[in-house]
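Asks: As a plain string of letters, each chain reads:
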Amino acid sequence: MAKAHRIELLQGTLDLLILRTLVFGPSHGHAIAKQIKSVSQDVLQVETGSLYPALHRLEAQGWIDSEWQNSDKGKRAKYYRLTRAGRRQLVAEQSKWEQLSIAMARVLRPAEEG
Amino acid sequence: VSLRLLYARLRSLGRRRRRDADLDEEIRFHLEEEASELQESGVSWDHARSAATRDFGNVALIRETTREVWGWGSLDRLIQDVRYGCRSLAGTPIVSIVAILSLALGIGANTAIFSVLETLILRSLPVDSPSELVLLDDGRGRRPHWTNPIWEEIKSRPGLFDGAFAVSTTQFNLAVRGETEIVDGLWASGTMFDVLGVPAIVGRTLTPEDDRPGGGPGGPVAVISHAFWQQRFGGAADVIGRSLTVERVPFTIVGVTPAWFFGVDVGRTFDIAVPVGAATLIRGPGALKGRSSWWLRIMFRLKPGQEPDAATVLLRSLQPQIREATLPDDWHPGTLERYLREPFRVEPAANGDSSIRQRYRRPLTTIMVVVGLVLLIACANLANLLLARASARRQELSVRIALGASRLRVVRQLLTESLILSCVGACLGLAIAHWGSRLLVNQLSIAGRPVFLDLSLDWTILAFTAAAAVATTAVFGIAPAMRAVRVQPNDVLKSRARTVTGEGGFGAGHVLVIVQVAVSLVLLVGAGLFVRTFSSLAHLNLGFDDRPVLVASVQTSGTRLEPARLGALLQQLLAAAAGVPGVSSAGLSMITPLSNNTWNNLVEVPTAPHLSREERLVHFNNVGVGWFGTYGTPILAGRDFATTDALGSPPVAIVNEAFARRFTGGRNPLGIRVRQPWGIDREIVGYVKDAVYESLRDPVPPTLYIPLGQDPDPPGTIDVAVRASAASPLLLTKPLANALTAVHPDLLVTLRPLSDNVEAALQQERLVALLSGFFGALALLLSALGLYGVTSYAVMRRRAEIGVRIALGAAPARVVRLVLRRTLVLVVVGTCAGAAASVWASQFVSPLLFGVQPRDADTLLSAIIVLALIAAIAGWVPARSASRLDPARILREG
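As given, the protein sequences belong to chains A and B, one line each in that order.
According to our numbering, the first sequence holds residues 1079 to 1192 in order.
According to our numbering, the second sequence holds residues 51 to 944 in order.
One should not assume that every hint holds.
What the hints assert, rightly or not - Footprint (simulated), chain B over chain A, 3 or more residues, beta carbon under 8 Å:
| hint | region |
| --- | --- |
| 1 | 1116 to 1128 |
| 2 | 1134 to 1145 |
| 3 | 1154 to 1160 |
| 4 | 1175 to 1182 |
Stated by the list, open to error - Calculated Cβ distances over 12 Å to all of chain A for the following chain B residues:
| hint | residue |
| --- | --- |
| 5 | Ile77 |
| 6 | Ala102 |
| 7 | Gly107 |
| 8 | Leu111 |
| 9 | Arg373 |
| 10 | Ser603 |
| 11 | Ala850 |
Read the hints as simulated data drawn from the structure, not as lab findings.
Quick caveat: nothing in here was measured; it's all calculated off a predicted structure.
Yeah, the Cβ is synthetic: ideal placement off N, Cα and C, and Gly gets one too.
Excised from the complex, chain B in its bound form (with noise of 0.2 Å):
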């Protein structure tokens, strides 16, 4: 019934023209009709005519009171006050594209970087009761690797918990020769998929069956994802029982995971998982006996009921025996004791475990804090411009409500209007965050790791959305409407434009400037302090050149050859690299700079035997020859490595600049004599320049570099790194890789520009400076728009008062001085609010600095002073066209 009757209204609203212009006609006749019978009786038909109306009544209120009986009042005046809505906001386009594109911005912005925050931080894990979910912790503050023999133990302890599990997030690659294909991949001890609760939806997931060293009774095995599935193999039904070869290792792909299922890394993705047991086929023999190699994580689901701290103290009772079981073998005694002693914990792990929450916490949270106060800033402009807008249009609405307009009604139509413009506002956003928040993913990955977030709209993120829109819509829309019926119709009728009462909501205008310029100034220097921690750690001096340097990853492990052949081969690839036209130099190492591998160690210098352990601990690398040059790393005494550093020749050693500071006195290391941990003594022949290591934050640490000749077991990767004499190293890489593979054909070469190492460890920065300074520029010009919008209304309000003025003779730039008294004495006010609200505020975002305070003088200055050059301007304009009214003009408008 309902139904129909909603069709029939419908279908009325349709034929709503014609109803409209019957019921004109029809008031008409009765008029004419009544005019005519007065007529007859003598009155002329003038005054006939107006006794009739008078009659009557009021005609547009009857014509309203009529059109509700049609049945369709609220509808039909909902439409109706939408349709007056988009009418009237047309009427001031800039005033409403103002409005609906901060609006945009700001909801935009805000529930993209929420989206972002709320998939990366506090998502759970789409599983089966994911609450339940805890990680094995050592409660030092980061969520540690554990060696497979301590999984082991664990394992061999089942009903501990409700199920336990490991799991480590790498990457996997599938040629198996020339250029490296890298997939990510996920190594899963059989039990991950059950206790996790995630079924397979084609063919079955990994069993403790197939986790047997080695592979299990069908041979090794694989589950691959279900992108990796429509990617790889078209979604082919027939995949199961497949051959796939991961790292030169054949295996059989036994199922398919659900496309929701990522892993338990938020941030990281998995093409293949393999057994953990599947280790020894792809990284040696002793892969899983290793008990100083810690590359797993361990999870349990707790048993119902079972709270984390009870299961912590289960753990604590198993702690010795397991401790005592794993003990690495090659380790000092003191380490060994610490080993003994280090607790085992649980940590809730609802959501998961992601190697890249922590790094963007505090930055995302940062920018969160930034986009909030935005919004802020936004819905301050929109509150001032819709008050401006609302007292430009009191005659209006006086008119509306002298006509009978109800004042609910007047104040509908006001919230109408602004709930038109937070709802197209809110639309507009809600597509920026789509396509923000993925931008966002984009520029939280690094070249080689893609961040990998499943940032599908849920319900969190759409209630927030609203939620946003609404507040708004309160802040902005009740404001302006409160103020507006309390006009009394006559009032504002009988005083036309010049009146001046309304200084109450003025008032309020006035705060939100006050507000607006404190909050942009706060954000102003932040971005100031941000670009400048980019800048300067973009200008770092990295202590070698990152532009013209191409690196090739060489994986030598496929060519099987014995270690003393192997050192054979590398000088081959390096002849082969410094052979490649383009070339100016090539040369070998085992790390490159800034590629997240480290090697340190503890050393003992005999000449400086005060120092603690932890100033014993340097950095290593193995460099070949000519490695200096090709990075540009200057040698300030000393020599560079020679062919003649080989196995058997006295051992030598290079130093930086880090290492004599520390082990020397910073005097010239030359002639001194270093003692690595398995006892070698190493006479140092070079002293070069500081180089950045592993991060551009943390000062450079003391490093000590080793001759590869010197290496009798030469690793299984090897960097080979080449400077390019002019062009872009990029054009490079096809010849180089050709000219590399054509050593050995087993060979794996992964290529990738130097710089591309810097960018990612760039790259928080960049995107935390960029979203800044983005975010404080539109602050920056929501501002002036409002002071822009309250200088303009002033003026509009006053133009009787300065006709007068300049009427009576006041020179141009006194009219201009005289608006401008007042929005300097915002800007003034904001900006002390603003330079006080930055000072404190300074303290959070210290974390994220870089070569710049938090409370730096030069940084807040700029800002300040950048701000009141765009109120300046802001204000001018008004002002400026003020000392230009023409007062003749005016004073007859009066």
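For reference, chain A alone in the conformation it holds in the complex (with noise of 0.2 Å):
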């Protein structure tokens, strides 16, 4: 039971987190990953176990589209970019997020006064 509740909190993130880091332009599974992890100063690692179902996830909804180009280093690879839906969907993700934080904060904060 518990165990099920981590995996939906952990997907529910995990798709907000891709959606936000394809908001600077397309990006592959890989550089996703690395952004991901980079930014969030090693906080944060990706399995990969959960991100291609995840990218694959969001493709299917719609949110995100996908084409294979050439990387940088030349060598084709499958880059996936934010749709206009993606865009909405994101908005909408990232307020109920800040709704959560705040709410969880408040939550949170009287037990480390008391």
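Take each chain as given, in its own frame, and dock them per the hints.
Replies: This is the structure we're talking about:
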């Protein structure tokens, strides 16, 4: 039960992180993972086992789409790009996340004080 | 929306190969990217590569979960399971084919027999509220026919029930002269169609108005069946009002009945239905008045809420009046008293009335049990095969579990394979059932009386097949599946092929083989008994030669000759028949043996006065000069009838051995006098060998033959038998028909070889022998396969051990013994159980047997020998191959 709950939370978070990363332009899976890792200063480690299913899920939902392009090293790579629907979803998710973190903070703060 | 979604998914299924390749490339790119970054930080390429792979995780698993995201997970998995299942089944083609075929035969045979059983015995009539229908019965166990006077008494008391009708199944001849043209007919009271709720699809049905003696206001009318309408009139719309000659009487067609209506006699159908009242036109002016002419079934429709018991009580209260008003006039007083006392009662008749149901109930039920057991063996066999197969695949399954497949997934995979087997088996089975049930119905038909059953597949049969398939899958699918997932992948992978774990499952296999052996022994014994029954009946001494004899039934009533002239006509017929080239002799008789016509009556023999009434009941036949010679029945003493035995000469008779046994204690009966009930004293002048009269199974009855020449009132139909001198009597058919019809233009002739009658009398036994023999052989084959499978499995499992033994110097014979010892134990235990079961089960089939005891030791012994022989071969083949194993190779494998 607890395990399932955590996976669900992680999944939602990962989706948000991916959408956010893609705001800066199209990118491939490996770069996305690296980006998240470096921006979060190595706090957030993206499991490849979750990354690819998440990418494909977001694509199926129409929030991102993909295209095969040559990478900067000249190899063929699958680049993901945010769609218009994805942008809307990002805004919605982001505000939901912010509300959640404010609420979490409110709940947790009295405990710190007490 | 969901349709669009489904469409999108189906489209994406089509693109699936490309997407798979894309995903692979995406993952490969990721790994290379990771590796090249690591390399840049100074790690060697090989190390970088393996570190990247390690970091990435389980590639196969990630690929799998990503694929699931594509949205058609469950459908995809199913398709994958099915594809994989098909591939793995194709990998072991022999096992799969055996499994599918045995299932198909098991399911097919069960469905076929059940279809026939259901249609013939269980199914309700396709009419309005069939459960309200009841049949008038006399409680003597055989569904009786009633006289028309009784029917008229009942008809004159409306309001007892919601309706009443009388009906009789018959055959009508449509030809006016020459060879007869026989169709199925129905005598129906004018109320029948209304009470049953059967409408006409064209025109109208029969009404009480039509059902008057001699025909209704518009003359005699008839209703025809849908099939007859199509076949005879091509479905013509203007069929109403057309004339149809039935038994030389012109009828006007007033309506066509629906295609689903076949009457109330299950197993028969009708082409033409005419009112009961028209009997005066067809069967003579007195046809409706006969108080001892029993030819009608009487049925009622109960009022809503009226119970059959209440109906019986109601009828009992009316019984004295009805019986009193319909007393047969020429009966013995004692018999009349019984007639008055015989109670009326009603029997539920929702499933109609059937003349063949009683005859086939036990044979069909027996065969149903047989095919049920065959299905059981087939299932056991499959369970065994799949058990062995799952064991052989433990390695593979362990690899799959180790690679991250969930146990549920593996179980589902195995279940899918079983489902594929049972679905393919069930589909094939349905085809076999479709074909087999028709074949079976054809086999039920006898010459001249086709059996008609409306065998369209209905939900009961479909449900039955589906249940058989699902139950079978459950039986043989779950056992191996449960066993397979208990495996610890590590253990299996470590122990490689030489594992000896899993004894429990193999124990189940042993039990299955014992059951198979036991059940097939029971089936073999049954088949042996039925085949011997058929053989004793087929080789029965008939007392006449059926092969060379052709019988022509000649209907003389069309000539409208006076009785005196009719005698001369019979002489002409005899001369004409004897004159046909290829005929060695000819003879006339009123009754042809095994033709379902019987004539019996009481006689008095003054020299044997002590005999009871029942003992004095003997069979009669009216035969002409040369009849015994034509049939080949030997005359033991005295003489044949002669042309001098005519009206006015002293009355004579010929008797058979059974007659002599009963009335003279087996002594020569010549010269003894016999008195017929109407007072004629006859002297016995001839003594002939016993000959079959109406049934092969019953002992030959005491028979009294009287000369046709001394009959003052010759019968309306005479049978002319001819004996072919050399070739088949069938070649005489045309010349004989021509010769006979040339005698008088208004004669009607029906020809049929005498052997047809014998075949018809044997037909039930032939059917049972054929089916039980076939399924017995099938059961034996399946059990042999089961034994073979278990033994080869044992050999495979013990390869290493056997290899060591051979390497240490064990002789081949010793290895064979080692392997066979186990098989032998299984066979012995199975045979003992089977023998005990056969002895117990034999009591149920004894009514079907003839000329063989239900616990016949020879049959049991032969069955055991056959089984042992087959079992020995099935066990010896793998044992022999075990003894030829190359020890060096096996030991290297380990």
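Asks: With reference to the structure, classify each hint as holding or not holding.
Replies: Evaluated hints:
1. 1116 to 1128: holds (count 3)
2. 1134 to 1145: holds (count 3)
3. 1154 to 1160: holds (count 3)
4. 1175 to 1182: As far as the region 1175 to 1182 of chain A goes, the hint is violated, because 0 residues have Cβ atoms under 8 Å from chain B.
5. Ile77: Per Cβ check, isoleucine 77 of chain B is inside 12 Å of chain A; nearest 7 Å; violated.
6. Ala102: 10 Å, violated
7. Gly107: Check fails; 5 Å does not lie beyond 12 Å.
8. Leu111: Its Cβ does come within 12 Å of chain A, the nearest being 7 Å, so this is violated.
9. Arg373: 83 Å, holds
10. Ser603: 82 Å, holds
11. Ala850: Since the minimum Cβ distance to chain A is about 41 Å, alanine 850 of chain B lies beyond 12 Å and the statement holds.
Taken one by one, the earlier hints fail for this structure at numbers 4, 5, 6, 7, 8, listed in ascending order.
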